[in-house]
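Chemist: Its first residue numbered 1, the sequence shown is counted upward by one per residue in the numbering used here.
To be clear, the hints were calculated from the coordinates, so they are not data collected in a lab.
Treat the hints with caution; some may be incorrect.
[Claimed, not checked] Derived SDA-like pairs (lysine to any residue); straight-line CA-CA distance at most 20 Å: (1) Lys-180 with Gln-130; (2) Lys-179 with Gly-127; (3) Lys-150 with Ser-183.
[As the list claims (entries may be wrong)] Here are the computed distance ranges between Cβ atoms for each label pair: (4) Lys-180 with Glu-118: 26 to 32 Å; (5) His-19 with Lys-80: 22 to 28 Å; (6) Tyr-176 with His-19: 32 to 38 Å; (7) Ser-196 with Ser-31: 34 to 40 Å; (8) Met-1 with Pro-163: 43 to 49 Å; (9) Ile-4 with Lys-80: 51 to 57 Å; (10) Ser-183 with Val-162: 29 to 35 Å; (11) Tyr-176 with Gly-50: 32 to 38 Å; (12) Asp-137 with Tyr-11: 45 to 51 Å; (13) Glu-48 with Ile-4: 16 to 22 Å; (14) Tyr-9 with His-193: 36 to 42 Å.
Built from N, CA and C at the ideal position, the CB exists for glycine as well.
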Amino acid sequence: MISILDSNYLYFPAVENTHESGILALGGDLSANRLILAYKSGIFPWFEDGEPITWWSPSMRMVLEPHEVHISKSMRNVLKKEQFTVTFNTCFADVISNCQNAKRDGQLGTWITDDMIEAYCNLNRLGLAQSVEVWQDGELVGGLYGVDMKPVFCGESMFSFVPNASKVAFIYLCEYLQKKKYSLLDCQVYNDHLSSLGAYEIPREVFMEYLPKK
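Make a model of the complete structure from these sequences and hints.
Modeler: In structure tokens, the structure reads:
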């Protein structure tokens, strides 16, 4: 059964109550406190403009242990050429805005609404949302952002204006997470692109064991 949240009360139902679609609840708000509670509870928001806030906790979770990132031979060659410069958390708002505007196959709109941008920029100001930026010739050409719930980093979205830029951001993120002793990179739901980089699915109950204790 899908629950309806009251924005006046800060809570989520137990993830075991998630509908088979992966949807746990509708409504609530995108306040920092609710978002933090969501990520600590294995829940994330995902909805399009004009739809109610929709909270998900799918039965299978796409994840990657940072040291298991797959770097193909062609990508190793790209990295060796040093055609990109990578920074961390220098222009979060630009990264999330570019993710909002990125064109994606089979997707007519975007789930990164203006309210979502405001909410995650707020998390960034609180030090809980981070970005990776990829530059070429002084211009921002790719990047990603996510929510920091150490020992789990919850990846949200990425963009690329030139070939391989988002892959470079992902690889650098994994190297950073490995260095900082993170256990897991949460990629949320399956897609072929993430699979090619080494991500795989695990049951929700296994994923929950990695999350920080409340």
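Chemist: Which of the numbered hints above does this structure break?
Modeler: 5
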